[in-house]
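Asks: Quick note on numbering that gives the first Met the number 0: the sequence shown kicks off at 0 and runs consecutively.
Keep in mind the hints are simulated off the structure, nothing from the lab.
Warning: the hint list may mix true and false statements.
[Stated by the list, open to error] Listed next, the in silico DSSO-like pairs over lysine-lysine satisfying Cα-Cα at most 27 Å (straight line):
#	residue 1	residue 2
1	K260	K239
2	K150	K182
3	K303	K230
4	K259	K313
5	K156	K239
6	K182	K239
7	K83	K97
8	K140	K181
9	K204	K260
10	K228	K305
11	K17	K97
12	K295	K204
13	K30	K259
14	K131	K30
15	K305	K243
16	K249	K295
17	K296	K331
[To be verified] Computed beta-carbon distance windows for the label pairs:
#	residue 1	residue 2	range
18	E285	I229	25 to 31 Å
19	D200	N264	46 to 52 Å
20	K242	N178	28 to 34 Å
21	K209	K83	19 to 25 Å
22	K198	F326	37 to 43 Å
23	I229	K88	37 to 43 Å
24	K335	E11	29 to 35 Å
25	N316	K248	49 to 55 Å
26	N145	N189	30 to 36 Å
What you are looking at is a predicted structure, and each value in this text was computed from that prediction instead of being measured.
The C-beta atom is built at its ideal place from N, Cα and C for all residues, glycine as well.
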Amino acid sequence: MNNKQLILDKKELIRITKSNSKLKIINNIFKILESFTHTYPPFDFRNLIKGDYKFETLNTFHLLNSYMYGSCHEFVFLTGYLLKINKIKFRVIRLESKTNFRSHWSLEAYFNKKWNYLDPTLCIYFLDNDSKKILSLSEIKGKKGNLITNKPINLRKLVRYEKDQINHGFYYKNVYIFNNSKKNYMKFFNHTEIVDLKKNDYAYKKILNKKINNYCYYNELNTNFNYFKIKKTNYSYGFKFGKKIFSNKKISFNNLIFEKKIISNRINLNNFTFPIIDIRIFFNSENVFAKLYINKKSIKIKIKNKSWIFNSYKIKNIYSQPIRNFFLKSSKNFFKYEILVLSNGFNSLKH
0 MNNKQLILDK KELIRITKSN SKLKIINNIF KILESFTHTY PPFDFRNLIK GDYKFETLNT
60 FHLLNSYMYG SCHEFVFLTG YLLKINKIKF RVIRLESKTN FRSHWSLEAY FNKKWNYLDP
120 TLCIYFLDND SKKILSLSEI KGKKGNLITN KPINLRKLVR YEKDQINHGF YYKNVYIFNN
180 SKKNYMKFFN HTEIVDLKKN DYAYKKILNK KINNYCYYNE LNTNFNYFKI KKTNYSYGFK
240 FGKKIFSNKK ISFNNLIFEK KIISNRINLN NFTFPIIDIR IFFNSENVFA KLYINKKSIK
300 IKIKNKSWIF NSYKIKNIYS QPIRNFFLKS SKNFFKYEIL VLSNGFNSLK H
């Protein structure tokens with residue numbers, strides 16, 4: 000297994016989505032999104048404004064190569080980037096229903112001299128039943144019943160099984176909503192608005208507009224794995240809102256181990272390609288003292304030989320931000336270390 004197998008780069012993205020037909024481009028994008036899981040995002044990009052990896056899941060490189068899951072926000076901005084590299088303009092739409100799912104994000108893409116409504120989360124668009132042309136948001140709202148979709152609407156993709164938050168507990172309790180998906184989806188159109196991404200009405204939007212100036216971008220990290228042996232593992236951890244979780248009936252996480260043999264007392268990782276879940280070190284002695292630097296935090300600990308460091312010491316809020324930078328200096332040399340990472344990406348899921 001190597002970087003060519005694991006990483007979906009920008010050139011490959013263009014290759015697998017491009018077409019002379021705009022509608023074909025949309026359908027190619029939807030093929031990518033069909034592998035994407037709708038659930039709680041790994042991190043809330045609105046809460047990462049002080050970290051080294053601001054807006055982690057807005058970066059298409061991270062989203063496609065590490066995660067492949069998130070909320071409708073992640074679906075929309077990923078789609079926005081894929082439209083952008085195909086030179087198709089888009090705008091974000093917020094939908095709201097007082098009786099069903101409260102709110103939902105989708106978008107409109109501009110082609111064929113008009114705006115066309117797309118729902119990236121459900122991979123659907125609406126067509127006029129007579130002309131078979133894609134409809135805009137305003138056209139959908141103006142139609143009574145003479146419209147169809149490119150495929151049946153299935154709201155079960157929006158189900159979240161956890162009961163731990165009031166907003167998302169709604170999905171769990173109101174099972175009846177999913178029995179008539181199209182009828183209940185149409186209630187989203189009760190209130191709609193075009194989201195002004197440039198409006199600095201929230202702290203995260205102010206920083207994003209100042210630092211990145213784009214909600215849909217691609218920033219590639221180092222993808223040279225030549226110094227590591229990459230191993231599959233039975234571990235299955237992921238992240239939810241900055242906390243480590245196990246795979247569940249909604250999503251299955253794919254982990255890999257990167258192994259490096261080296262005689263040293265130091266590890267220095269910068270901009271590691273995949274988010275780090277844990278690290279373990281192999282010594283010739285049972286215990287050693289070490290100093291860690293993780294996301295600008297300095298921690299002194301005693302490390303047990305061959306044990307996962309983060310799991311053993313329960314470091315508070317260690318996953319509140321993605322871990323891609325890691326420095327360790329130990330009191331004795333070690334001969335090997337292993338990095339456990341989340342590799343839930345598009346290419347990883349295919350292998």
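Asks: So which hints don't hold here, by number, going up?
Replies: Checked against the structure, the hints that fail are numbers 1, 6, 7, 9, 11, 13, 16, 25 and 26, while the rest are satisfied.
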